[in-house]
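Both chains are given apart, each in its own frame, so use the hints to dock them into the complex.
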Amino acid sequence: MAADLLRRSIDAIVIGASSGGVEAISALLPALTETMRVSIFIVLHVPRDRPSGLVELFNYKCVLPVREAQDKEPVENGTVYIAPPDYHLLLDKGPRLALSCDEPVHYSRPAIDCLFESAADIYQNRLLGIILTGGNEDGAAGLAAVKNAGGVTIVQQPDTAQMSVMPAAALKRCTPDFVLPLVDIVKFFTDLKNGF
Amino acid sequence: MNSADFEMEIELLIDAIYRKYHYDFREYAMASLKRRLRTAMLRFDCSTLSQLQDRVLHEPATFPMLLDFLTVQVSEMFRDPGYFRALREQVIPLLRTYPSLKIWVAGCSTGEEAFSLAILLREENLLERTQIYATDINVRALEMAETGIYDVDRIAGFTDNHRLSGSKTSLSDYYTAAYGKVVFDRTLKEHIVFSDHSLATDSVFSEVQLVSCRNVLIYFNRELQDRALGLFEGALCRKGFLGLGAKESVRFSAHADDFIEVARENKIFQKRGSI
Ligand SMILES: C[S@@+](CC[C@H](N)C(=O)[O-])C[C@H]1O[C@@H](n2cnc3c(N)ncnc32)[C@H](O)[C@@H]1O
Chain F
1350 MAADLLRRSI DAIVIGASSG GVEAISALLP ALTETMRVSI FIVLHVPRDR
1400 PSGLVELFNY KCVLPVREAQ DKEPVENGTV YIAPPDYHLL LDKGPRLALS
1450 CDEPVHYSRP AIDCLFESAA DIYQNRLLGI ILTGGNEDGA AGLAAVKNAG
1500 GVTIVQQPDT AQMSVMPAAA LKRCTPDFVL PLVDIVKFFT DLKNGF
Chain X
3 MNSADFEMEI ELLIDAIYRK YHYDFREYAM ASLKRRLRTA MLRFDCSTLS
53 QLQDRVLHEP ATFPMLLDFL TVQVSEMFRD PGYFRALREQ VIPLLRTYPS
103 LKIWVAGCST GEEAFSLAIL LREENLLERT QIYATDINVR ALEMAETGIY
153 DVDRIAGFTD NHRLSGSKTS LSDYYTAAYG KVVFDRTLKE HIVFSDHSLA
203 TDSVFSEVQL VSCRNVLIYF NRELQDRALG LFEGALCRKG FLGLGAKESV
253 RFSAHADDFI EVARENKIFQ KRGSI
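Protein chains in written order, with the numbering used here: chain F, 1350 to 1545; chain X, 3 to 277.
So here's chain X without its partners, still in its complex pose (with noise of 0.2 Å):
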């Protein structure tokens, strides 16, 4: 198909989108948009993407389905080790001094960040303290995150990211084994909040002493990565932290000035103090 017109499709449906469902997927990166529409067309067995316009306009189940091919379901515990590493070493030290913490992980997708800072704040005496606010446009994935229940065979893999963090316990002490998956101990589930927040669209709700927003900015532009960045800046306090994915900065956004790097490998940010 012709690929001009495909990208007018393209914009076509995320208007529809918008003007219906509010969800905004007008600032998002094209190329990888693109090839998950090409997926999900095949996947409704619709020829068009106008034919499936007419479906997520005039089907209500169409919709969330649609909405597992415009976000990207895809996470990890501990994934990339070595930033958990860092926030054990060049961070924890500082939200120790806190009284009471509050993270923001933001594009949480399942839950498996979220899990992962609790545990690491568990093995460093500072969960009972912290309050976790996780949040993601997809209300399915977050439904999934609210379980703690993963796919048994996914845990090797997470043990050895949890290994390679620096971790002092072993992942096994928090899960417990049953019929192909594994449950989360309650006990974590009971520091994490779970909730339906848009990064494109809705504001800052609570402030906060670190935020991680993990592969979430590297499928948005450069205008919505600066106003994601802006409500974690609006969000985060005072020398507050900033941890982002492996291939996102702040370093070419319009809040490059806000923010110090304190892991630059490991892209962890600290908010200005004043100017």
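Next up, chain F with everything else stripped away, as it sits in the complex (with noise of 0.2 Å):
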């Protein structure tokens, strides 16, 4: 099914996600494969005070290297970048890594806003936007701009989602390509895998 969309080539996908979003990205992570040349964003709501230890967590569910977001530093393929606690994380020229005390957005440092609009911007059509499971409206602002900007959108069903929230935001602000359970989102991650 994703053959269509993806017969143009992806370079990066941002993910996005709050509460339940631990297990929701957990199930998504193994899908990704080690010939992927794609880079991966994510932002997921966490506690500001503390390490989220989502890095430790994520590698060990993925076979792509997973790392904490610096500032400034340049992408590189087949890598995982993680948005770290109290700041947000955005896509700059290069591309690199960008991170910013901004004040949150939605209550929320860092924001999935923040990411999608700055990755919309230097990917434009080359990019693929996931909402997942989350309690509040972060993201919807996000989607539409990845979907102007060109780029593929996945919304999670949100019946299917631990909290719907955020999916329901997102499908109410912008119509995305496909609205999927989360078996079907791995499904396309490994549909992509080829086209890739």
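None of these hints come from the bench; they were simulated from the model. Cβ coordinates follow ideal geometry from the N, Cα and C atoms, glycine included. Accuracy of the hints is not assured; some may be wrong.
[Stated by the list, open to error] Label pairs and their calculated CB-CB ranges:
1. Ser52/X to Asn1497/F: 51 to 59 Å
2. Thr1509/F to Ala180/X: 39 to 47 Å
3. Ala180/X to Glu1452/F: 24 to 32 Å
4. Arg1475/F to Asp187/X: 50 to 58 Å
5. Pro1530/F to Val76/X: 33 to 41 Å
6. Ala179/X to Thr1382/F: 52 to 60 Å
7. Arg253/X to Gly1443/F: 15 to 23 Å
[As the list claims (entries may be wrong)] Going by beta-carbon spacing under 7 Å, a handful of chain X positions derived as facing chain F:
8. Asn4
9. Ser5
10. Ala31
11. Ser34
12. Val74
Given below as structure tokens:
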């Protein structure tokens, strides 16, 4: 099913989630394979005042290297970057990673909107944006930006998400290319492999 | 809107600001600037950045307001308590050996970091011999800093941070609350001078034993970071200390060799003695 959209190449995937996100992303990551060249950026809302432990956890689930995003670091292919607690993660020309401590967006820092909007600017139609489970509306504007830039968009089907608020808000804001339960997003990843 | 066009308009706006107002944003990191300028367009009700540029050039009241979008006024007292704890444990014992102290808080925003240091120094019985220079380019932020007044609803967070910083006293010893605000003790303020200074265009103004510059370099590109770090290197005495934000480092800069790491996690560096 992904074939059409992915005849064009995808250079990067942005993923946003909040509550329930650790489980959802843990289910997605094992579908990535060593040969993938795509760069993956993840914003998961986490408590601000302690290390999230996500890097260790996700490294364990994934054959590609998983790293905490560092300010101004050049983006590498085949790498998964996680936004650190209490900083926004953005993409800048290069492409390079950029962190900022601007105000929280939707009470969240890192915010999904910041990542998605800046990634849409940099990667345009070579970007895939995915909104998963979550309890607030962060990510809706970001996904709309990905779509406007010509990128591919997926929203987790709200009634299959642990928390439906975030995917429902994204659906209200734009019509994504796909609305899928998590198992099918995993399949989508597997289908994508050839495309990359 | 086309993102290449938007970037071109940003460059034009920033050039116009530089030429008319001498504020230099030409070497700031683009991604977050872009986002803040998009927000500014909404706030000023302009559908293009060129429209906003027109107002910046022709309506004198606009630029000071825009400055609040070009700079990020987000701060907290004792933000990242581990940093202040590391200062207490690893830097204060050495600062104690100087008969008088000068400290530079660069990019002080509305004063939270400078007041935090003043409180820490008072707890360590060092404030009486200390002069803190706190600088920023946002004049409205400096004016607020000068008052030492903060909203009372921020105090709970400040108090938690202060406690986690290894404090010896209670934060409430240093302020009085009234009408939804708290006012910090005037005797702290007596040791702080707030002034307008840009890391992008101004030069060193004093020799200091400690520079604290947190969450400012993150907004600069590498060239401007090098410039700022050069100023700190120039201002610091031999073996003086430099504290940066949690996601900042001297490591990848042109000045990497001028400093040694004293607290890696907490981003405290020391200027080398001599080569
Ligand atoms: C995010 S705030 C950091 C406040 C405080 N240091 C902290 O960590 O809580 C960044 C500050 O840097 C200031 N700033 C930006 N550009 C500057 C420059 N060229 N020179 C001095 N300060 C600057 C901004 O006005 C703002 O107050």
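Each hint tested on the structure:
1. Ser52/X to Asn1497/F: 51 to 59 Å: violated, 21 Å
2. Thr1509/F to Ala180/X: 39 to 47 Å: Check failed, 53 Å falls outside 39 to 47 Å.
3. Ala180/X to Glu1452/F: 24 to 32 Å: Because 27 Å falls inside the window, the suggested range holds.
4. Arg1475/F to Asp187/X: 50 to 58 Å: With a Cβ separation near 56 Å, Arg1475/F and Asp187/X satisfy 50 to 58 Å, so the hint holds.
5. Pro1530/F to Val76/X: 33 to 41 Å: holds, 38 Å
6. Ala179/X to Thr1382/F: 52 to 60 Å: Holds: the Cβ-Cβ distance is about 59 Å, inside 52 to 60 Å.
7. Arg253/X to Gly1443/F: 15 to 23 Å: Given about 19 Å between the Cβ atoms, the range holds.
8. Asn4: With a minimum Cβ separation of about 10 Å from chain F (threshold 7 Å), the hint on Asn4/X is violated.
9. Ser5: Nearest chain F Cβ about 4 Å off; hint holds.
10. Ala31: holds, 5 Å
11. Ser34: holds, 4 Å
12. Val74: At about 5 Å, which falls below the 7 Å cut-off, the nearest Cβ of chain F leaves the hint on Val74/X intact, so it holds.
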